[in-house]
Structures are given as structure tokens and as C-alpha cells.
Amino acid sequence: MIPPMKIKLYHPTREITLKGPKQVAVLLRELNLPKEAHLVICGDELVTEDLVIPDDQVVEIRPVISGGGA
Amino acid sequence: MKCRQCQKSAVIKMERHNTSLCGGCFNLYVHDQVDRAITENKMFDHGEQILVAISGGKDSLALWDVLIKLNYRTVGLHLNLGIGDYSERSQKKVEAFAASRGVELIVHAYQEAYGLGVIEIAEETARPACSACGTMKRYHFNRIAMERGFPVVATGHNLDDEASRLLGNVLQWQEEYLEKQSPVLSDEGGTWARKVKPLFRLAEREIAAYSILNRIDYIVDECPMSKGAKMLLYKDVLNRLEEASPGTKHKFYLGFLKRQRSMPTAPTVSKPADLHPCPSCGQPTQGAVCSFCRLMQRVAP
Ligand SMILES: [Zn+2]
Ligand SMILES: [Zn+2]
Chain W
1 MIPPMKIKLY HPTREITLKG PKQVAVLLRE LNLPKEAHLV ICGDELVTED
51 LVIPDDQVVE IRPVISGGGA
Chain B
1001 MKCRQCQKSA VIKMERHNTS LCGGCFNLYV HDQVDRAITE NKMFDHGEQI
1051 LVAISGGKDS LALWDVLIKL NYRTVGLHLN LGIGDYSERS QKKVEAFAAS
1101 RGVELIVHAY QEAYGLGVIE IAEETARPAC SACGTMKRYH FNRIAMERGF
1151 PVVATGHNLD DEASRLLGNV LQWQEEYLEK QSPVLSDEGG TWARKVKPLF
1201 RLAEREIAAY SILNRIDYIV DECPMSKGAK MLLYKDVLNR LEEASPGTKH
1251 KFYLGFLKRQ RSMPTAPTVS KPADLHPCPS CGQPTQGAVC SFCRLMQRVA
1301 P
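In the order they appear, the protein sequences are chains W and B. Going by this note's numbering, the first residue of the first sequence is number 1, and it counts up by one from there. Going by this note's numbering, the first residue of the second sequence is number 1001, and it counts up by one from there.
These are calculated hints, taken from the structure and not from any lab test. Take the hints with a grain of salt, since some may be wrong.
What the hints assert, rightly or not - Derived CB-CB ranges, DEER-like:
#1 B/1257 <-> W/19: 35 to 41 Å
#2 B/1261 <-> W/42: 40 to 46 Å
#3 W/31 <-> B/1245: 20 to 26 Å
#4 B/1049 <-> W/45: 32 to 38 Å
#5 B/1109 <-> W/42: 36 to 42 Å
#6 W/34 <-> B/1257: 22 to 28 Å
#7 W/30 <-> B/1257: 34 to 40 Å
#8 W/4 <-> B/1107: 39 to 45 Å
Backbone N, C-alpha and C fix where the C-beta goes; we use that ideal spot for every residue, glycine too.
Kindly generate the complete structure, drawing on both the sequences and the hints.
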């Protein structure tokens, strides 16, 4: 059996597992995370929203917004 | 998805430019936007030494990375705010970046200098943490630049920072703040160090993508004090508008700047005529003492 994809999330930092394959745009929508405020890293690479992520992948959904001044 | 420039596999889609780019073309885009911000707004030139304020977050480290790659002469300034583990981890990331690029870094730690971190200073003076923190940052950027002979201080404020601040200032009709909201603030004939924001043309998402692509190890978690901060709400609202109508943030902030330029007075930090040296620290102020010294006077001895 193929293990499901592991997804690292922030605020709070946690890891969830999901059954693939799943398109990046669908993943963000299902998790209710706005595209403009997040980037998706699959393995080591930044990926675009049309990519379909297969099972057995390590994915990080990184928020891009910070509150304080630089 | 393919890169619109070279047909390689794209790493980012930018709705506001109706394009998608590969890593190489995206890096060129970022460098070009920063270069354009610097030259069009006469921020600084290659002969000047630039003090770059580095928090350890994505924006400041990306800014430093771009300025180094564009061959500007830079020195980093990190303020250790004394917020426990968060500040320790931030300083480590900044030091690691400076060491990896072989660039000079100045570290100023509040705990060492004043015996207190920014949270304790805010509590002792009954000021909201982000407001006391802002006063202290602005003061130290300017004082350290002037003491060490840097003509200009660069910060990593991005398009989202500036658009959300503009939204906040417009909602409250903070006219005196509106006047000051510019990517370049003049040195007023040497009264202040010049303040510049070379990332103001780039969206926060683009800067995060640049940091990830260039393997910049930055501090991802939020400052523990900023939870629930108004700015996060304004950014969220603007991002919803941006998703519905790409280019909204750019049109809002750059449109404001265009109108500001046609207004009679150019933006200034403060009218130089009203300024005199703070009797306690020597930094320019309009008050009896400067806002930093006023803050520190209220900290119980
Ligand atoms: Zn390309
Ligand atoms: Zn003072």
C-alpha cells in the first residue's frame, strides 16, 4: 500500500496526512487557505497550483504573511 | 505550467502580472523590480554604504540577498528585541546568513543595553507592544546609522506592508501619517539618515517565493506579540480583494504614491525647523526629549 502524503502546516505548526493524488489548487481550497497568502513546497521545490501531487510525498504549505514591520 | 519567458517548468504563477515564471526568470524579475525601485526613486547608489535592517524574517533577508547580488555596499543591522527564544532563533538565522555571504553585521541587543526586552519595556510603560517596538526600532535604525556614518537605512517593507498600512491610515484618516508614507524619506539636509524601502514593488508572496527558491533560511513563525494585530486583518482583507481582482494591492499603493507626488509638499520625516537635539541622547526631536528617551524615562528604574 502507498503511504498517504504528509502535509506540514503552520499556525500552529502541525502535520496532517491526506490521501492523494491531489492538485495543489484543490488542496489549498479544501484546507481553506487563500492562494495569495500561501506557497506550496513539494519535497524541496516550490510548485504551481496546477501540479497534481501523488501519494507518498512530503508537502509544506508555508504562510507568507507576517505581521510586524521588517 | 510553463515559464512564459523560456518554456521551462514554472515555479510560480503571478496573477497580477498574468504570468508564470521558472526559478531563473523569477530571480531576474525580483532583481529587476528592486533595481527599478532603487533607481526610479533615487534611493541610493553604488558609491554609498547602506545599513540594512535585518530581522531574520523573509523580507529583510531577501532584501539583503538581492542588494548583495546587485553589488551594493551593505552592512546588516540586527536588533535583538529580547523576546526569549524567538529573538535568539532570529539572531542565529541572521548571523548564519551574514557568515554564509561574508558580509558585515552589527548586532544591538536591548537586554544587554537596557537590561530589559521590548515586551518588558512595553509593559512598564503601558504601551501596546507593537507601538513601543516600532518607536524603538525607528530610533535605533536612525541613531546607529548616524553614529556610524551610514547615509541611508534600508528596510524590507513589501507591497503588502505598505498597502495594508495605507488602508489603516485611510480608514482612520491619519493625514500626518499619509504624508510620511513613501518608499523614500529624505535626510532633511543630514538631520536624519535617509529611509528607503527597496521591496515596495514586490508582493509578500513573491518575496517568500524568492527566499524559498534561493534557500534563504529565515524565521517562518510570527512574532509572538503580533497575534491579532490590526495589520494582519488589513492584509487578509487586501488579499481577498487581490484574489477576486488581481493587481488591487499594486493599484492601491502605487496609485496613492502617484497622487502623493502631485501634492504640493514632498513627504518628510518632520519639519526641520521644529527640530532640536534631544537633551538626553542628542537625536533630533520636536519634543522636550525624543520619543525613545520619553519611553525609557517611564521604565521604572
Ligand atoms: Zn524561465
Ligand atoms: Zn533622546
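These are the hints, each one checked on the structure:
Checked against the hint of 35 to 41 Å, the pair residue 1257 of chain B and residue 19 of chain W fails, with Cβ atoms roughly 48 Å apart. Distance hint for residue 1261 of chain B and residue 42 of chain W: a CB-CB separation of about 43 Å, consistent with the stated range 40 to 46 Å. Taking 20 to 26 Å as the suggested C-beta distance range, the pair residue 31 of chain W and residue 1245 of chain B conforms, at roughly 23 Å. Between residue 1049 of chain B and residue 45 of chain W the beta carbon distance is about 37 Å. The supplied range of 32 to 38 Å therefore holds.
A beta carbon spacing of about 38 Å between residue 1109 of chain B and residue 42 of chain W agrees with the range 36 to 42 Å that was offered as a hint. The given range of 22 to 28 Å is respected by residue 34 of chain W and residue 1257 of chain B, whose C-beta atoms sit roughly 26 Å from each other. Distance hint check: the CB atoms of residue 30 of chain W and residue 1257 of chain B are about 38 Å apart, consistent with the given range 34 to 40 Å. In this structure, residue 4 of chain W and residue 1107 of chain B meet the distance hint of 39 to 45 Å, their C-beta atoms being roughly 44 Å apart.
Checked against the numbered hints listed earlier, the structure breaks hint 1 alone; every other hint is satisfied.
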